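A.B. asks: Listed below, chain by chain, are the residues.
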Amino acid sequence: MATAFPIASLQRVLRALFIPALALLAALLAGAIVMILSGDDPLAAYSGLFQGAFGDGKGWARTIRKTVPFILTGLSVALAFKVSLFNIGASGQFVIGSVFAVAVGVNFEGLPAFIHLPLALIAGIVGGMLWGAIPGFLKVYTGAHEVIVTIMLNYVASLFAGWTVYAGGTQGQTPGPLWDRTAGAISETQDVLASAQIPWLFGPPYRVHYGIFIALAAAILIWWLIFKTPLGFEMRTVGHNMRAASYAGIRVNFTIILTMALAGGLAGLAGGIETLGLNHKFAPEFGGAVGFDGITVALLGQTHPFGVLLAAFMFGALDGGAATMQFESGVPADIIQIIQALVLAFVAAPLIIRMIFRLRQQTQEEAASAVSTSWGGS
Amino acid sequence: MKLSRITTLVIFLTTLALLLAACPAPAAVPAADTDAGAADSGAAGEFKVGLVTDVGRVNDRSFNQSAWEGVTASAEGLGLAEDDIKYIETQDAKDYADNIQQFVDAGYNVIVTVGFALGDATNVAAKENPDVFFIGVDQFQGETLPNVAGLIFNEDHSGYLAGVLAGSLSKTGTIAAVLGTDLVPPVVAFNEGYVAGAKSVNADINVISTYHPGEISQAFVDPEWGAATAKQALDQGADVIFGAGGITGNGALQEIATADGAGETVFCIGVDTDQWNTVPAAHPCLVSSAMKLITPGVVELVNMANDGAFPGGNYFGKADLAPFHDFDDMIPQELKDLLEETKAGLIDGSIDTGYGN
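Protein chains in written order, with our numbering: chain A, 1 to 378; chain B, 1 to 357.
Keep in mind the hints are simulated off the structure, nothing from the lab. Zero decoy hints are in this set.
Here are the simulated distance ranges between beta carbons:
id, chain 1, residue 1, chain 2, residue 2, range
1, B, Lys127, A, Asn107, 21 to 29 Å
2, A, Leu231, B, Arg57, 42 to 50 Å
3, A, Phe50, B, Ile208, 48 to 56 Å
4, A, Ile151, B, Arg57, 21 to 29 Å
5, A, Ala113, B, Asp131, 30 to 38 Å
Model, not experiment: these values are computed from the prediction. Built from N, CA and C at the ideal position, the CB exists for glycine as well.
So that you can see chain B by itself, here it is in the shape it has in the complex:
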């Protein structure tokens, strides 16, 4: 009696499973075909590029996304098939090595790993697989391996540019920075550059820099703290605020966007990517963003790998300010010129941000 009931249940479930399986049948067939195709082309030795994200999604509107856009752009430039580029989204920091290994086993030629946390796993894999090129986004290379390029940035340079902009825009003589944790060096570099840049245009300027007090896993995903800290800075008279710290910084930008005088007397500056595109809610106050140009950096490195001229060691990507977008008319030409001069000075070394000295 009881058994027959279970049997019925099993039959019911099997039928259900078959029905479910039948539904996407049209999609299933091409998927199987492409898989076989990918395996064939692997044997033929075509050029394939894989990407392993840091913990998080590939469309994080930040490093992962910028790096993946670099991979897709270079694939387009090199005429690679859609199947020759793939990514794996890391779920757990312990899986870095496994996820890199997936691409190695599948015969990929270039593997992009995103974030300084993947540095160790990347270098270990690079030593085991000297024929594979590795691009480590945000990974400083202590030793030079011929098949690893660490795509790194002078964060203090883009922070410095943001500081020059903020110091020039400020009427109150007080500016602020809302920052992710000082456990992560690039955040500190952004801030030090920002302070130095602001002081270069106004030696008496008051800079309120606040780091998130929490642990790493909290510091970049705490928009409430970012908003509250930005509010506090506004109350203390800051009229330009630099939000640098992932979603935490975005919280600050959004808070300022809703403040009195946003875009007229109060401004905000984003970080890493052009946040005009990634945080639309910040449009009312967002004059610019202190960018790390990851996408073009990845494209350059993938192309060099393809040409057989891969540069091992550290590879410096460009630091720059994002376009002013709607605020373009508000920025005086003298300031634009000053920013261009500053950029040139930072590149040729005539301007020193003071970071790391």
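Excised from the complex, chain A in its bound form:
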């Protein structure tokens, strides 16, 4: 038993990785076909992509920098999936987290960094948690579906964020509270104070900050929460069968609200880290697109925290290498978005992958994998 365990778990890991790996491969192949059809050279493109993502120090830096927010928004969506909740609101939670973090980051001059930076990060988490908790509350107390509410809150979030930095002053209108008065007609905040900036791990031109360690720690923490704590057990039970969980005495309503808040907190943390570590300010164009990619990352990662790490790294590499791919081969970087969308399609529809690669019918165990239960559970 003791010796059999690692082998069995290794097999389990390999099996879990199988479909996502094939989905990625299928998406890359389909991308190659698209390139051939449009008269481009997929070999040159993919070699440019690889070079851009891993070719040199700057490439690795780009990949790591892109990976960080994917990890956290992916975790956000994955955590909600464990409770059969579909969090499409990571985008809005990311934006609110950015705004809250920057609001603390530009104020409180004179605070030492070891207080200011954590405070700003916590503000980002709290902002995201509040934004995530709203759909949780509405689901529990009004029955409003979290998919609809989170989508709508994304719009509210970006409009709210736009208002906070609105440069109305030049037209005699009331400017947003966070608008940088020295920015003239441009709608953006001032730079966050040095004491609230996440320090560089590798400074410019590499621009990799310590946020990567926060993201890795978050993945471990979420894994521990889901699989090693009573609360995580309750979450998973609610995710499998809400009614049974309720009969078993689990506080279903509390679990739903808490999960949505935690999912929001993760996405909010992503926004805080991007703002405090990389952009050093907030402007409307730093939107929350990365929140939508979190859905794909979570699915590609089979909604497992460590799977999310791998998937986020894959997406980070795709995005990190895109510009070099276009520079070297002339293939438009849009192709990367096509590939990422295809990954989502293939992962969300394992049947297609099984058909393409003529795999056997899925086993009972795999049938109970995260994606299917997350829809069937509620």
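For this one, chain A is given, so just place chain B on it according to the hints.
C.D. replies: Frame of chain A, contents of chain B only:
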């Protein structure tokens, strides 16, 4: 058993990959050659021009495209090889610095960055690389760096010209403007100029100006809103409508093109580029466009960089109206003369649009 199945699969996929790779082989070989050639010429110190777009495609029929046309035109004029000019299409606002850095690392001499959003990244890169010339399209320069030229425009001037045209054409005494967000200053400048221009020919004119109420990422890509707003303006009696706001404005132009009396009693005016070329669907009503002449501006600046006479700081491009195309016969000569006079007056400063005062 299971392993052998996977092995078969791997072999199958590898074969497939090789087949795919083999297909475009003829294309692959010259591509590799040219890459090597580009690297060589970089070492030789030839003149190379790169362009980083704002988020979006290079053929956006707007700023990105006009700027890239400027780069290709100047390359032709200077006799540069096709490989000496390249562009990168930005996918995410966070990548501006990276994309600029790609060109710096590859030894480019001139880097054109398109859009005011790239302003910060451009100036940071310019300070780090004093030997590289930067052309910032639509980027106002607060401080003057010797190697950065901000190609900017007096939007209120071209808006003013559009206003004079609209005010003169209007029979109902009501004109309208369908605008992208007032979060972006040039849009406001267009409108203020437009209103002032219209009032200069008809002091009592009623101008219905409507800004898109949404956020920046929505305001320029909402043709439905543009069309609905244009429709509303028509219902309120407007007979000349200025569409200024990317695809949102294009939606307004297309709506007016299908309205009753389009091109006879109802007209539309486009923005930024000559929209006769970019929005063919608007031909029935499009009398002209309030242009920013980006392409010639980029050409001038690239040439100056090549001559070693690069002007740091703000560089004002020309504002003008696009040709009237099919409506040329309909525009009375007096109006054409008035527009020419107005243009001269705006340039020499004798006409003040009132914007920014």
